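**Q** Counting in our numbering, the sequence shown runs from 1 upward without gaps.
Calculated from the structure, these hints are not laboratory results. All values reported here derive from a predicted model rather than from experimental measurement. Among the hints, erroneous ones may be present.
[What the hints assert, rightly or not] Cut-off 16 Å, straight-line C-alpha distance, at most; resulting in silico cross-link-like pairs (EDC-like, lysine to aspartate or glutamate):
no. : residue 1 : residue 2
1   : 144       : 231
2   : 272       : 182
3   : 272       : 236
4   : 252       : 182
5   : 235       : 271
6   : 272       : 96
7   : 272       : 231
8   : 235       : 269
9   : 144       : 185
10  : 235       : 182
11  : 144       : 269
12  : 235       : 264
13  : 272       : 239
14  : 252       : 193
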Amino acid sequence: MAPGYHMLHAPHIYRQITKKGGCPMSHGRGAGQVDLLQESRFWVRIFKEHALFIRLGLPCDRTDLISEAQTLFDELSALEDVLMARRSLDSRLAGEIASVVSELIAFKDRVLRLQLQCEMFPNFFPLLIDHIRREAVRFLEVLKTGRLAPTDVNTLTGLIETEVFWLRIMREHIAFIRHLLDPSERTLISSLETIGTRFSDALETARELGTMSMSHPDYFNRVIRFTEEIEPLVKELRDLKAQAFQLLLECKILSAVSSPLLLDHVRREADKFLEDLQVVRRELERLLGPR
């Protein structure tokens with residue numbers, strides 16, 4: 001995300017940090033339910049990397065925050081090991097995950113407040129911290145309910161809110177990557193700006209459909225069409241991220257991205273969006289199918 005990130009500086013270190021791999025989420029089992037073990041495996045790895053990114057972007061004189069970020073990284077790494085060895089997620093382990101992720105959210109809140117109050121000047125954008133905080137807050141809700149969609153609204157609105165969440169995440173990824181590219185990378189910058197406009201339009205449409213759905217329509221097939229329309233858009237962005245990742249590995253791109261891990265991180269989130277879209281689409285078809 002932010003320019004000048006001092007993360008991991010060589011492909012062999014990248015491979016070391018990612019050697020445990022990650023398991024994609026299994027598709028939901030009716031009513032938008034998710035496999036919480038697979039969900040936790042995915043997000044704990046993501047949050048571990050968040051702790052790393054924050055630690056390496058903090059001012060060198062904030063040894064207190066650097067130490068706290070390292071502690072969170074270690075705790076999340078240990079949880080990742082446990083999750084990879086498990087075949088199911090029991091309530092005790094879920095509670096441990098929720099506790100560590102809650103600590104991470106509080107840490108992100110504190111870092112963001114210091115930035116907003118101009119009390120600290122780290123090497124990442126405030127929006128980046130807000131971005132990764134939203135991801136953690138949403139995961140805790142999924143861990144609590146076992147569902148992708150929020151449960152405090154009607155099911156249709158909740159499914160659309162899932163799309164809104166991810167579309168905003170993807171749009172911000174585009175902005176972060178755009179700001180990391182060298183100005184001479186005009187072709188890639190142009191591609192990002194073009195797809196960024198399309199994601200902004202899709203996000204606005206999703207928000208509009210979401211408020212319309214609050215009228216509790218018996219059927220609203222425009223939402224199914226919208227979901228079908230955004231899937232190829234997300235695939236296009238995923239492929240663009242993968243291309244940038246490969247170019248960075250081959251030293252064929254000029255940028256302030258200091259590690260392939262960052263681009264792999266955002267590419268994995270695009271794949272996760274595509275998986276969640278399949279769950280959303282099946283549930284929409286169940287709710288809004290032929291009458």
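**Q** Given the hinted pair residue 144 and residue 185, is their alpha-carbon gap at most 16 Å?
**A** violated (43 Å)
**Q** Tell me if the straight-line CA distance from residue 144 to residue 269 falls inside 16 Å.
**A** violated (21 Å)
**Q** For residue 272 and residue 231, compute the direct alpha-carbon distance and say whether it is at most 16 Å.
**A** Within the cut-off at roughly 12 Å; holds.
**Q** Does residue 182 sit within 16 Å of residue 272, going by the straight-line distance between their CA atoms?
**A** violated (28 Å)
**Q** Do the alpha carbons of residue 235 and residue 271 lie within 16 Å of each other, as the hint requires?
**A** holds (8 Å)
**Q** Tell me if the straight-line CA distance from residue 235 to residue 182 falls inside 16 Å.
**A** Measuring from Cα to Cα gives roughly 24 Å; hence the hint is violated.
**Q** Just to be careful, I want the Cα atoms of residue 252 and residue 193 compared with a cutoff of 16 Å; is the pair within it?
**A** Between residue 252 and residue 193 the Cα gap is close to 20 Å, so the pair fails against 16 Å, i.e. violated.
**Q** Please work out if residue 272 and residue 236 have their alpha carbons no farther apart than 16 Å.
**A** The given pair, whose Cα atoms are some 14 Å apart, holds under the 16 Å limit.
**Q** When you check the alpha-carbon spacing of residue 272 and residue 239, does it fall within 16 Å?
**A** holds (13 Å)
**Q** Between residue 235 and residue 264, does the CA-CA distance stay at or below 16 Å?
**A** holds (15 Å)
**Q** When you check the alpha-carbon spacing of residue 144 and residue 231, does it fall within 16 Å?
**A** Cα-Cα ~27 Å, so violated.
**Q** What's the verdict on residue 272 and residue 96, does the C-alpha distance respect the 16 Å limit or exceed it?
**A** Given that 16 Å is the threshold and the Cα spacing comes to 23 Å, the pair is violated.
The structure fails hints 1, 2, 6, 9, 10, 11, 14 (numbered hints given earlier, in ascending order).
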